[in-house]
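Asker: Below are the chains, spelled out letter by letter.
4 protein chains.
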Amino acid sequence: MEFEGVYPAIITPLNTENKFKEKEFRKVVEFNINSGANGFWVSGGTGESIYISPNEIKNVIKSAVDQTQDRAKIIAHVGSITTKESQILAESAANSGANAICAVPPFFYPPNLQTIIKHYKAISEASGNLPFFVYNLPQSTGTEITPLMMSEIKSEIPNTAGLKHSGPKFTDMTGFINLNLSCFIGNANLMLPALTLGASGCIDGPLNAAPELWANIWNAFKKNNLLEAMEAQEKAIKFSNVIRDFDMHSSIKEIISYRLKIDCGSPVLPLPQLTKSEKSELISEVKQMNIIDIS
Amino acid sequence: MEFEGVYPAIITPLNTENKFKEKEFRKVVEFNINSGANGFWVSGGTGESIYISPNEIKNVIKSAVDQTQDRAKIIAHVGSITTKESQILAESAANSGANAICAVPPFFYPPNLQTIIKHYKAISEASGNLPFFVYNLPQSTGTEITPLMMSEIKSEIPNTAGLKHSGPKFTDMTGFINLNLSCFIGNANLMLPALTLGASGCIDGPLNAAPELWANIWNAFKKNNLLEAMEAQEKAIKFSNVIRDFDMHSSIKEIISYRLKIDCGSPVLPLPQLTKSEKSELISEVKQMNIIDIS
Amino acid sequence: MEFEGVYPAIITPLNTENKFKEKEFRKVVEFNINSGANGFWVSGGTGESIYISPNEIKNVIKSAVDQTQDRAKIIAHVGSITTKESQILAESAANSGANAICAVPPFFYPPNLQTIIKHYKAISEASGNLPFFVYNLPQSTGTEITPLMMSEIKSEIPNTAGLKHSGPKFTDMTGFINLNLSCFIGNANLMLPALTLGASGCIDGPLNAAPELWANIWNAFKKNNLLEAMEAQEKAIKFSNVIRDFDMHSSIKEIISYRLKIDCGSPVLPLPQLTKSEKSELISEVKQMNIIDIS
Amino acid sequence: MEFEGVYPAIITPLNTENKFKEKEFRKVVEFNINSGANGFWVSGGTGESIYISPNEIKNVIKSAVDQTQDRAKIIAHVGSITTKESQILAESAANSGANAICAVPPFFYPPNLQTIIKHYKAISEASGNLPFFVYNLPQSTGTEITPLMMSEIKSEIPNTAGLKHSGPKFTDMTGFINLNLSCFIGNANLMLPALTLGASGCIDGPLNAAPELWANIWNAFKKNNLLEAMEAQEKAIKFSNVIRDFDMHSSIKEIISYRLKIDCGSPVLPLPQLTKSEKSELISEVKQMNIIDIS
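Protein chains in written order, with my numbering: chain H, 1 to 295; chain Y, 1 to 295; chain L, 1 to 295; chain E, 1 to 295.
Treat each hint with caution, since some may be false.
[What the hints assert, rightly or not] Simulated pairs of lysine to any residue, SDA-like, Cα-Cα distance not exceeding 25 Å:
(1) Y/K121 with Y/Q87
(2) E/K118 with L/S53
(3) L/K121 with E/T16
[Said to hold, decoys possible] Partial list, computed: chain H residues near chain E (C-beta under 7 Å):
(4) P168
(5) K169
(6) F170
(7) T171
(8) T174
(9) N189
(10) L192
(11) P193
(12) T196
(13) N224
(14) L226
(15) L227
(16) M230
(17) I237
The hints are simulated quantities; they were obtained by calculation from the structure and are not laboratory data.
Since the structure is predicted, the reported quantities are computational estimates derived from the model, not experimental observations.
Glycine residues also receive a C-beta, built at the ideal position from the N, C-alpha and C atoms.
Take the sequences, apply the hints, and build the full model.
Answerer: Laid out in C-alpha cells, this is it:
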C-alpha cells in the first residue's frame with residue numbers, strides 16, 4: 001500500500017497577520033518525520049486552510065513537499081469553497097510535487113451526489129489525476145459520505161485512492177475498506193480499532209503534537225503485538241483527550257510551540273484562543289500525564 | 001416596527017469571471033421595489049457572498065443602498081468565514097449607509113455559544129453598533145440558534161434587532177418573537193403562518209423573482225383579510241416550489257433574467273447550473289402556472 | 001370536510017392500579033364537548049394507551065363513542081406494538097361505533113415503508129375499512145412520515161382519510177394537504193398557522209384541559225377574523241406552554257381534575273409525576289395567567 | 001472480570017400463536033454453549049420480548065438459567081414499557097437465578113435523565129440489586145446514553161455492572177470503559193475493535209446463529225494473536241452482513257432452524273418475514289460463503 005501509517009494533519013503556523021510562518025512549519029515537519037510520521041495531511045482542517053489565502057496555501061504545500069524530500073508522503077488538501085479555487089490549488093499542488101490531493105465535498109449549500117462528483121472530478125483533473133482522497137467530515141460539511149456514495153465516486157473518478165473517514169459511523173470503515181481503498185481513520189482515538197478492520201492508518205490533528213505515540217501503535221501493529229499496540233493506543237487517547245478538553249487547534253499549536261521552542265502563533269478567529277493561564281494549565285496537565293518527552 | 005414586510009434575499013448577478021454585474025443588480029433592486037419589496041437582505045445565502053471577494057461584496061452593498069434611496073431598508077449580510085473579514089465588511093456596510101447588518105454564526109468548525117457571541121460582538125462593534133440581525137441557517141452552518149441562545153446573544157449585544165429564522169423548527173418562532181425582536185421567517189412558503197404568530201415578515205430567495213406574490217400576502221395581512229392572505233400564500237407556495245424543484249439559485253437567476261430581459265449569469269460552481277433545456281422547461285412551467293406576469 | 005376543527009387528544013383517567021376510571025372519563029368528554037370540541041383523538045399518546053391493557057383500551061373507546069352520542073367525532077387510536085393487537089383493537093373500535101381509527105407506525109424496530117404499509121393495511125382491514133388516520137410522531141416512533149410516504153400509503157390504503165402531523169417539519173403540512181387529506185396539526189401552538197395553509201384542525205393534549213381556547217381560534221378562523229384568531233392563538237400558546245413546563249401528562253390531568261372537581265389520577269410510571277407542591281404551583285400559575293375560567 | 005466474552009443476544013423461538021417454544025430454545029442455548037458462548041443476553045431486542053407477554057418472558061429467562069447450569073452467565077433483559085411490568089420481570093428473573101438483569105431506558109415518551117434513573121432504580125431494587133446492565137440502543141429508544149449519563153446512573157445505582165453499547169458513537173466506548181464497567185459492544189462487526197479499547201466482549205443477534213465465529217475472535221484475542229483475531233473478525237463480518245441483508249430477526253431464526261434441524265418459527269408481525277424463496281436464497285448464500293459448518 002502506497003499510503004499507510006501515521007499521517008499527522010499538520011498545523012499551519014501563522015503570525016498575527018495570518019501570514020504563513022514557513023520556518024516554523026519546516027521545523028514541525030522535521031520533528032514529525034523524526035518522531036515516526038509516514039506522511040502528512042497538509043492544509044486541511046487542522047491546517048486552517050479555509051481561513052488563509054490561496055497563495056499562502058500554495059506555499060504551505062510547496063514547503064511541505066520540499067522539506068520532506070521523499071521521507072514522507074504529502075497529501076495536499078485543496079478543497080476550497082469554490083470549484084475554481086480548488087482547481088487552482090490542485091494544479092499548484094501537483095506542480096509542487098505533492099503525492100496526492102484531497103478535498104472535502106462542497107459545503108454551505110447542501111450538495112447532492114452529482115454536485116459532489118462534478119466538483120471532485122474538476123479538482124482531480126486539474127491535478128493531472130494525482131491519487132485523490134475524499135475527506136469525510138460531516139460535522140463540518142453537513143454531508144456524510146457513505147460507502148455507497150464512495151463507490152460511485154470511485155467509479156466516476158478512477159484515480160480515487162482513498163479517504164479520511166472522520167464521520168461518526170465507525171462501522172462504515174468496513175464498507176470503505178471493501179472498496180479496496182486506502183482508508184485512514186480520522187480519529188486519533190480509534191487508530192488501533194480501525195487498523196484491526198483493515199484501515200491503512202490514521203490522520204488527525206493531535207498526531208502532530210506527539211507523533212511518537214501513534215508511531216508506537218503503528219509499529220506494534222506491524223509486529224503483530226496486540227498488547228503493546230493496546231497500551232500505545234491507551235496512551236495516545238489520554239494525550240489526545242487533553243488536547244480536546246482545551247480546544248483542539250489552540251492546544252495543538254501550544255504544545256508544539258512548547259516542545260520545539262518555537263512560536264506557531266494562535267488559530268485564526270473565530271477559532272477559540274487559549275489565555276495565558278489556560279496555556280500554562282494545558283502544558284502542566286500534559287507534563288503530569290508523563291506520557292511524552294516534554295520539558 | 002422599523003424592519004417589517006417583504007424582504008427579498010436578493011441575488012448577485014455575476015459574469016462568467018464571477019465579477020459583480022452592477023447594472024443588472026440595480027435593475028433587480030428597482031424591479032423588486034416596484035413590485036412591493038419593503039427591504040432587502042443583501043449578499044446573503046441567495047446572494048452567494050460566500051463565493052465572491054470582499055471587494056465585490058462591498059460594491060454589492062453600496063449599490064443596493066444607493067439604488068434604493070431610502071425606498072426600502074437594506075440589511076447587509078457581512079458574515080464571512082473569518083471574524084476579521086466579517087468586520088471589514090461590517091465597517092464598509094455601515095459607511096455605505098446600510099440600515100442594518102446580519103451574519104451567520106461561525107461555520108465549518110462547530111462553535112460553542114461563547115465563540116458565536118465573541119464573533120458577533122466583534123462584527124457588531126465594527127459596524128458602529130448598527131441594528132444587528134442573526135441568521136439562523138442550520139442546514140448550512142451546522143448550528144441551530146435556539147430562542148435560549150438568542151436571548152443570551154441579545155443580552156450580550158444590545159443592538160440585536162432581530163433574526164432571519166430559516167431553521168426547521170417553525171415552532172421556535174414564538175420563542176424568538178417573545179424576545180421582542182424583529183423576526184423574519186426565512187421560508188417563502190411560511191410567510192402567512194409566521195405572521196399569524198407575530199413575525200415581522202419574510203426573507204427568502206424566491207421572493208426576488210416575484211415579489212408581488214409575497215407583497216399580496218403582506219397587504220392582505222395588513223388589511224386583516226384572512227381569506228385573501230391565504231389565497232396569496234397558496235400562489236406563492238406554488239411559485240416557490242417550482243423554483244425549488246429546479247435548484248434554487250439557478251432558477252431564481254433564470255426567472256429574473258427572463259422577466260427583466262437581462263442576463264444575471266449563472267451561480268458560481270459548485271452550485272448546480274441549469275442546462276439550456278432545463279431553463280426552457282422552467283420558464284414554461286412558470287408560464288403554465290399563470291400566477292405571475294411573464295412573457 | 002367530515003373531520004375538522006378542535007380535536008382534543010383526550011387523557012385516560014386511571015386509578016392507582018392503572019384501571020380505567022370510566023365515570024371521570026365521561027365527565028372529561030362532556031366538559032370538552034360543552035367547551036367546543038368537534039371530535040376526539042382517543043387512547044393515543046396523551047391517552048397513555050401504550051401503557052394500558054387492550055381490554056381497558058376497548059372500554060375507553062366504547063365509552064367515548066357512547067358519551068358523545070354523535071355530538072363529536074371519535075378517532076380511535078388502535079396502534080399497538082404488535083400488528084395482531086392493533087387489529088383486535090381496530091375491530092373492537094369499529095364495533096363500538098368509532099368514526100375513524102388511527103395508528104402510529106410500527107416502533108422500536110425501525111421499519112421500512114413496506115413494513116409500515118403492511119402493518120397499516122392489516123389494521124385498516126380489521127376495522128372494516130373505516131376512515132384511517134396516520135399518526136406522524138417521529139419523536140416517539142423514530143419514523144418520520146414524509147408527504148411522499150403518505151402518498152404511497154394513501155394509494156395502498158384507499159380509505160386513508162388524513163393524518164395528525166406532530167413531526168418537527170411544519171413545512172410538510174402543504175405536502176400533506178396537497179394529497180387531499182384531512183390534515184390535523186399535532187401541535188397546540190400551531191393551530192392557526194396550520195389552518196392558514198389549509199389544515200383541517202388541531203389535535204393535541206393541551207386542548208383537553210381548556211378546549212375553549214382552541215375553539216376560539218377555530219371560530220374566529222371560520223368567521224375570517226384574522227386578528228381575533230391571532231389573539232386566541234396567543235392565549236392558547238401561553239396556556240399550553242405552562243403545561244409543557246410542568247410535564248405534559250401530569251399537568252393536563254391535574255388541571256382537568258382541578259377544573260372538574262374530579263380525580264383523574266396520575267400518569268403511569270415511568271412518566272413523570274408532579275409532587276403536591278408542583279401541582280399547587282401549576283394551578284397557581286394557570287390562575288395568574290387569567291386566561292381560562294378556573295376556581 | 002465476571003462478565004466477558006461472547007454473549008449471543010438469543011432469539012425466542014415462537015409458535016404461530018406467539019407462544020414460547022421451550023424445547024427449541026433449550027436446543028439453541030445448548031448449541032451456543034457448545035460453540036463457545038460465554039453467556040447470554042436473554043429476552044432482549046433479538047428475543048422480541050417487547051412483543052410477548054410477561055409470563056412468556058419469565059419462562060424464557062427461567063429456561064435459560066436452567067439449561068445453562070452455570071456453564072454460561074445469564075443477563076436477563078427485563079426492560080418493559082412500564083416501570084411496574086419491568087419490576088415484576090426483574091423480581092422473577094432474580095428468583096429464577098439470573099446472574100444479572102438489564103433494561104433499555106423508558107421509550108416512546110422521550111425521558112430526561114431523572115426519569116431514566118428513577119425507572120432503573122425501581123427495576124434494580126426489584127431484582128434485589130443484582131448486577132445491573134444498561135442497554136444503550138438509541139435507534140430503538142430514541143435516547144442516547146452518553147458516558148456522562150452513564151456516570152450519573154452508576155453513582156445513583158451502585159450495582160450498575162456494565163452496559164451493552166449499540167449506539168452509533170463507537171468512540172464513546174472509551175468513556176464507558178473509563179467508568180470501570182463491563183462494557184459490551186452491541187455490534188457484531190466491531191467486537192475486535194472494541195476489545196482493543198478495553199471492551200469486555202460482544203453482545204449481538206448474529207452471534208447466536210454462529211457463535212463459533214465470535215468465539216474465534218475472543219480466543220485469538222486472549223492469546224494476543226492479532227492477525228488470527230483480525231481474520232476471525234473478517235469472517236464474522238461477512239456472516240453478519242448476510243444476516244443484515246435479509247432482515248436480522250427472520251434470517252437469524254432461519255439459519256438456526258436450518259443448522260439445528262428445528263423450527264424456531266417466524267418473528268412476530270410487524271417484523272418482516274422471509275418468503276420461502278428468500279429463505280432458500282439466504283441459506284444458499286450462507287453455504288457459498290463457506291465460513292460456517294452448515295449442511
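Asker: If a hint holds in the structure, say so; if it does not, say that too.
Answerer: The hints, checked one at a time:
no., hint, result
1, Y/K121 with Y/Q87, "holds (10 Å)"
2, E/K118 with L/S53, "holds (23 Å)"
3, L/K121 with E/T16, "holds (20 Å)"
4, P168, "holds (6 Å)"
5, K169, "holds (6 Å)"
6, F170, "holds (4 Å)"
7, T171, "holds (6 Å)"
8, T174, "holds (6 Å)"
9, N189, "holds (6 Å)"
10, L192, "holds (5 Å)"
11, P193, "holds (3 Å)"
12, T196, "holds (5 Å)"
13, N224, "holds (5 Å)"
14, L226, "holds (4 Å)"
15, L227, "holds (5 Å)"
16, M230, "holds (6 Å)"
17, I237, "holds (6 Å)"
No hint from the list above goes unmet by this structure.
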